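Peer 1: Okay, here's what each chain looks like letter by letter:
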Amino acid sequence: MRDQHTKELELIHAILEGDRDLFHELIRPHERTAYLTAFSLLRNEADAEDVAQEAILKAYRALATFRGASRFGTWLVSIVLNEARGRLRKKLRANTESFEEQVEVSPALLTDWREIPSEALERHELIQKIESAIKDLPLTFREVFVLRDRDELAIDEIAATLGITENLVKVRLHRARMMLQKCLAPYLKSTVSSRPRRFPFSWRAQ
Amino acid sequence: MNLDCKHVWAYISDYIDGSVDPERRRDIENHLAHCEICSAILDSVHNILILTADDRVFALPIGYSQRLHERIAEEIRTSEDDGSSDG
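Chains A and B, in that order, give the protein sequences. All the letters of the first sequence, read from the start, carry residue numbers 0 to 205 under numbering that gives the first Met the number 0. All the letters of the second sequence, read from the start, carry residue numbers 0 to 86 under numbering that gives the first Met the number 0.
If you're looking for bench data, these hints aren't it; they were derived computationally from the structure. Be careful, since some hints might not be right.
SDA-like cross-link-like pairs, simulated, lysine to any residue; straight-line CA separation at most 25 Å [to be verified]:
hint, chain 1, residue 1, chain 2, residue 2
1, A, 128, B, 59
2, A, 57, A, 28
3, A, 169, B, 1
4, A, 128, B, 38
Since we're looking at a predicted model, the values are computed, not measured.
I would like the entire structure built from these sequences, with the hints used as guidance.
Peer 2: Structure follows, in structure tokens:
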């Protein structure tokens, strides 16, 4: 099976050669990520959709400049981020940088944590709680969290996309996750099942 | 090396991502084996990541994909018109 990167490079080549309708196919696996990335910054559905569309159209117009050094998805995310930041600057002056390195976040201490089954998401209020916790993260933490834990970009890709060091990505990611733990753990605890806790587990450790 | 709880918290994110070195990983796991508080924190972060990655969280607006592809089609038509007038 050909990997996605190779397939995308072939699609891009064909689009640039004139088979332009293939852009629909190229963009389909990335349209969700484009929206979510925009939403993570803007926190507003209408703005996020608008920005995602604009960024995708920009990507179409600039496709000839894509050199294939990064993945197409990473390149697209960087366009979405630029577009979203431009929109954000127009809407408000985001001043979140002062939060940065000096704030240590302590986790919520709960000794009787149990696994939350994903079926719990059937409860609309739980989805709202999670969405609201992510939306309430300061911008610099929110964008790193979404790029890593929703878009699944690698740390070095996030660093390159945001123009910051890998170490800073890790610091922000850690803080974001701990902030979410602190905010959500006490609430999620009330949905706890009686199933035993899994440990040790593997997440991305392999 | 014996780590205290605060040291373990500092490494939770890297531990989840598998980016701590083997020796540190062993120290963390030694601590987790006897510390209920830290293993509960680790589990809760892990669970939150699984839940936030679920597609039901931040669902796309209804009709988003259709509207997007209509705009792309329009853009393609425009660029083809421009291309043919150039030639």
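Peer 1: Hint by hint, note whether the structure agrees.
Peer 2: The hints, checked one at a time:
no. : hint         : verdict
1   : 128/A / 59/B : holds, 17 Å
2   : 57/A / 28/A  : holds, 17 Å
3   : 169/A / 1/B  : holds, 24 Å
4   : 128/A / 38/B : holds, 23 Å
Every hint from the earlier list agrees with this structure, and none is contradicted.
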